[in-house]
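Trainee: In terms of our numbering, the sequence shown has 17 at position 10, counting the first letter as 1, and numbering is strictly consecutive.
No wet-lab data here; the hints were simulated from the structure. Just so you know, even glycine gets a beta-carbon here, dropped at the ideal spot from N, CA and C. Possibly wrong hints are sitting among the right ones.
[Unchecked claim] Quick list of in silico lysine-lysine cross-link-like pairs, DSSO-like style, CA-CA up to 30 Å:
no., residue 1, residue 2
1, Lys119, Lys183
2, Lys88, Lys216
3, Lys171, Lys183
4, Lys102, Lys135
5, Lys135, Lys202
6, Lys102, Lys157
7, Lys157, Lys88
8, Lys183, Lys157
[Stated by the list, open to error] Computed Cβ-Cβ distance ranges for the label pairs, DEER-style:
no., residue 1, residue 2, range
9, Glu101, Glu181, 12 to 22 Å
10, Gly162, Gln104, 37 to 47 Å
11, Tyr179, Pro152, 12 to 22 Å
12, Arg68, Lys202, 33 to 43 Å
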Amino acid sequence: MGTYHGMTLKSVTEGNQPKKPAVPNTQPQQQQPPPSTPQPIVSSAQARLNAGAQPSKRVSRTPIIVIPSATTSLITMYNAKEILQDLKYVTTEEKRQSGEKRANEVLLQRRKDSNSTVPYRVIDNPGKLSQNDWDRVVAVFVMGPAWQFKGWPWGGNPVEIFSKICAFHLKYDEMKLDNNVARWAVCVIQLSRTKRHLDRAALMVFWEKLDKYVFILFYTTTKLLFNLSLLNKFRKSNSIFVAEANKKKYLFP
Numbered sequence: 008m009g010t011y012h013g014m015t016l017k018s019v020t021e022g023n024q025p026k027k028p029a030v031p032n033t034q035p036q037q038q039q040p041p042p043s044t045p046q047p048i049v050s051s052a053q054a055r056l057n058a059g060a061q062p063s064k065r066v067s068r069t070p071i072i073v074i075p076s077a078t079t080s081l082i083t084m085y086n087a088k089e090i091l092q093d094l095k096y097v098t099t100e101e102k103r104q105s106g107e108k109r110a111n112e113v114l115l116q117r118r119k120d121s122n123s124t125v126p127y128r129v130i131d132n133p134g135k136l137s138q139n140d141w142d143r144v145v146a147v148f149v150m151g152p153a154w155q156f157k158g159w160p161w162g163g164n165p166v167e168i169f170s171k172i173c174a175f176h177l178k179y180d181e182m183k184l185d186n187n188v189a190r191w192a193v194c195v196i197q198l199s200r201t202k203r204h205l206d207r208a209a210l211m212v213f214w215e216k217l218d219k220y221v222f223i224l225f226y227t228t229t230k231l232l233f234n235l236s237l238l239n240k241f242r243k244s245n246s247i248f249v250a251e252a253n254k255k256k257y258l259f260p
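Model the full assembly from the supplied sequences, consistent with the hints where possible.
Mentor: Structure (structure tokens):
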């Protein structure tokens, strides 16, 4: 008599049933997508480093000269290059008649005694200047009416503006000086209507004054006092600019 050792209760009561053959699965299996390539985990600190490694936009260092937008001004966007770069006065009307187109801005090349050149940007729409741009404004040509400075920094106050920016007024020598210009800290440059051979000497006054101003700003702010006695002479004769020079940081070419 056999034993039931190793048998289950179901096999004892029902007996051993023949196993049914396995039915193959005829349904097509869905194709699994290939495993994606694992992406490296970047920490937030590394992400900031990567962002900082991106090249930043180069900040312009070109100094800016602002001129009036009024067509009655002796200096306009039509003749600014002739006046300031070539040191020769040509009227706006002459430039128009020659087919000259008005430019939105003019890039001057100021030639120094050492045959090196320094670029200057000339504009007549200061409303488009950013704060960084205003830090590079070094000169302004004044007409006379105070509304010329509406919307400017420093509350549009001409007295405050001219304590920070070198101011000039261009006029014909026989014209009466504007009352506002007469009481403002403005360098007046007079031109002859007919004697063009006098232009160069008269217009060089602009660069002599501006070069002195830039000299103080550059060497005072960068502390490159290679000639202290010379700098002190400039300080005494141009004390109006020294205080502002200690605040601004000009890095001209």
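Trainee: Confirm or reject each hint.
Mentor: Going down the list of hints, with the structure as the test:
1. Between Lys119 and Lys183 the alpha-carbon distance is near 33 Å, which puts this suggested pair outside the 30 Å criterion.
2. With a CA separation close to 18 Å, the supplied pair Lys88 and Lys216 stays within the 30 Å bound.
3. For the suggested pair Lys171 and Lys183, the alpha carbons sit about 26 Å apart, so the restraint of at most 30 Å is met.
4. Between Lys102 and Lys135 the CA atoms are separated by roughly 25 Å; this keeps the pair inside 30 Å, and the hint holds.
5. Our distance criterion of 30 Å between C-alpha atoms is broken by Lys135 and Lys202, whose separation comes to about 37 Å.
6. Distance check on the hinted pair: Lys102 and Lys157 sit about 29 Å apart at the alpha-carbon level, within 30 Å; holds.
7. Distance restraint check for Lys157 and Lys88: the Cα-Cα separation of roughly 26 Å lies within the 30 Å cut-off, and the hinted pair is therefore satisfied.
8. Only pairs whose Cα atoms come within 30 Å are accepted, and Lys183 paired with Lys157 is accepted, the gap being roughly 25 Å.
9. Taking 12 to 22 Å as the suggested C-beta distance range, the pair Glu101 and Glu181 conforms, at roughly 19 Å.
10. The given range of 37 to 47 Å is respected by Gly162 and Gln104, whose C-beta atoms sit roughly 40 Å from each other.
11. As the Cβ distance of Tyr179 to Pro152 is approximately 18 Å, the hint placing it in 12 to 22 Å holds.
12. Distance hint check for Arg68 and Lys202: the Cβ-Cβ separation is about 38 Å, which falls inside the suggested range of 33 to 43 Å.
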